[in-house]
Amino acid sequence: MSHYEAPIREPLILGDKSYHDISNDIAAPIEGKANKWWWFVFSVAMIAFLWGIGAIAYTIGTGIGVWGLNNRINWAWDITNFVWWVGIGHAGTLISAVLLLFRQKWRMGINRSAEAMTIFAVIQAGTFPLIHMGRIWNGYWTMPIPNQFGSLWVNFNSPLLWDVFAISTYLSVSLVFWYTGLLPDFAMIRDRATKPFQKKIYSLLSFGWTGRAKDWQRFEEVSLVLAGLATPLVLSVHTIVSFDFATSVIPGWHSTIYPPYFVAGAVFSGFAMVQTLLIIMRKVSNLEQYITRYHIEMMNKVILVTGGIVFVAYLSEFFVGWYSGSLYEDFTYLSVGAATGPYAWAFWALILCNSVFPQLLWIKKLRTSFTFSFIMSIIINTGMWFERFDIIVINLSRGHLPSSWTQFEPTFVDIGIYVGTIGFFFVLFLLYARTFPAVAQAEIKSILKSSGNNYKKEH
Amino acid sequence: MNNKVIQAMYDDDDVLLKAVKETREADYHIEEVFTPFPVHGLEKAMGLKGTRIAIASFIYGVIGFSFAIWMMNYMMIEDWPQNIGGKPNFSYAENMPSFIPIMFELTVFFAAHLMVITFYMRSKLWPFQEASNPDPRTTDDKFVMEVSLDGDEKKMSDFLKKTGAIELKVAEKS
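So the protein lines, in turn, are chains A and B.
So the mapping is simple: the working numbering equals the position in the first sequence, first residue as 1, plus 31.
So the mapping is simple: the working numbering equals the position in the second sequence, first residue as 1, plus 12.
Do not rely on the hints blindly, as some may be mistaken.
[Said to hold, decoys possible] With the Cβ distance kept under 10 Å, some of the chain A side facing chain B (calculated, not the full set):
no., residue
1, Gly92
2, Ile95
3, Leu183
4, Trp184
5, Asn186
6, Pro215
7, Leu236
8, Leu255
9, Ala261
[Said to hold, decoys possible] Calculated pairs, EDC-like style, for lysine to aspartate or glutamate (alpha carbon to alpha carbon, straight line, at most 20 Å):
no., chain 1, residue 1, chain 2, residue 2
10, A, Lys487, B, Glu179
11, A, Lys332, A, Asp47
12, A, Lys480, B, Asp153
13, B, Lys33, B, Glu184
[Claimed, not checked] Per label pair, the in silico range of CB-to-CB distance:
no., chain 1, residue 1, chain 2, residue 2, range
14, B, Arg64, A, Trp68, 44 to 54 Å
15, A, Thr437, B, Ile75, 41 to 51 Å
16, A, Trp68, B, Leu60, 22 to 32 Å
17, A, Trp70, B, Ala183, 43 to 53 Å
18, B, Trp138, A, Val387, 28 to 38 Å
19, B, Ala183, A, Phe228, 49 to 59 Å
20, B, Pro139, A, Gln390, 32 to 42 Å
21, B, Leu60, A, Ser203, 46 to 56 Å
22, B, Arg64, A, Asn102, 57 to 67 Å
If you're looking for bench data, these hints aren't it; they were derived computationally from the structure.
Keep in mind it's a predicted model, so treat the numbers as computed, not measured.
Note that the Cβ used here is the ideal one computed from N, Cα and C, for glycine as well.
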């Protein structure tokens, strides 16, 4: 079998690795002990998480009146955070599914962590609509079951119900996609474990994976079909999230451009979050030879493309609003009114973080720099949070009736829940980094001979 | 009936692939091959039939699609039609634009989950399943080919050694 790959392609696995070295490297963070830094970051995340739980308990106990919502602005931080987290989740599926269909080998170093990020982010996202219901114990009313008076069903005409189906399908399909890919890697950890407890746990997790030829054949087919299913699924999820806005009649929301623009924005912010996590993780977990400068550069290129799509969407929203000549369009989140009004700071935060600063990634020196990519990823995540904040709060703050114009001010509960979800996200990710094989080692081994540095030199 | 197999271990995927081909040419019966990662071309060399799991997934998808149509038609059109924003509530076809998202989601939901469940059942993967790979190293960097032992053990061993096996073991096949 030929393992030839054009020399112009950069190696994806650095260092002179053998198959066994890969197993050692991927198992090392699991078999080793956590250092002080891990405990420090974990404690901080845990405290934030606990604060969030407190804020959620207060909300459920007292009612959502404890948030800063008012008559006019009845969606604010909750839905902003919901859309932000769902969007972040999209990068994981894009990396593992879309790049698989496109046969991009560089996905293999990062897909496991990106998918983990997807699942953890969607869990955070799901929290917000649930607690926004106010009576969370009635959450099951979103399921297609008749109510207690007979047979009044859920309303399938509502985009909010579409969301329920989309998010739960997305979360569960991402989870099985991720888990199926994990089986061979859990089996690898199981077979080298020396501690009996560890062996038990990984035996349980690996579902008895043995690596038979027939299993591998099915495994690859299942991965391919799941990728084919997950690709339209991921596009549908943020499309449906955008329908929450686009099917309404609020100026600034009622826009046909929303679905593609939301999907591009989701991928944009998701890749930024992958950068944030992986630039740290490659150092902490010693994965520098698997998550290389090249991986970071490729992700920055995806950020440039999707950021470009988002920028064009902003321009067209701005232009069409202005060109319509409608008075009310001057209050939408992309308008002269927004740029000069009371929310000018949020408007400019969006434009600077999402459209101006990311253009620096055109410079090769910057997009191949770890430090710069890390800073840029934080900027983009901030910008994408502001995008959702602007869409929701700026558009709601002004309407057809000037007497009801108002501003939004978050309470400590709003902030607490948001910070809490960030904490929960990092708690999950830090636990993952210490207990799960963070790189899909079986896949990496299958490309070692074509893309490993030592093998490439031989050709 | 002889239940014995020779487990020949290899340390390279290319050597294994060549050995599989040679073993089949020599008319020995390969029981199973264990590899730590998917070796491309192995199923062809072993003469395995293609998997039909993608077809199964398609059928599951069709079931999910039909289920979504049945469910929404029953709930929104037959059982309790409601006037929601003036949308036609008497005919599924005319109200369909707002049903498309869920028709799609349930198609994917059924196709994906039932396919994965089928895969787990067919490959006997579930919690508390004991792993049955002959050597723990087969999930790390070694490849094991199990060949049914028939005829002269010595002759077979020599043959397998020549194909590049680094270790040979005779085992009882359960």
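Worksheet item: So which of the earlier hints does this model not fit?
Response: Hints 1, 2, 10, 11, 13, 16, 18, 19, 20, 21 are the ones this structure does not satisfy, whereas the remaining hints hold.
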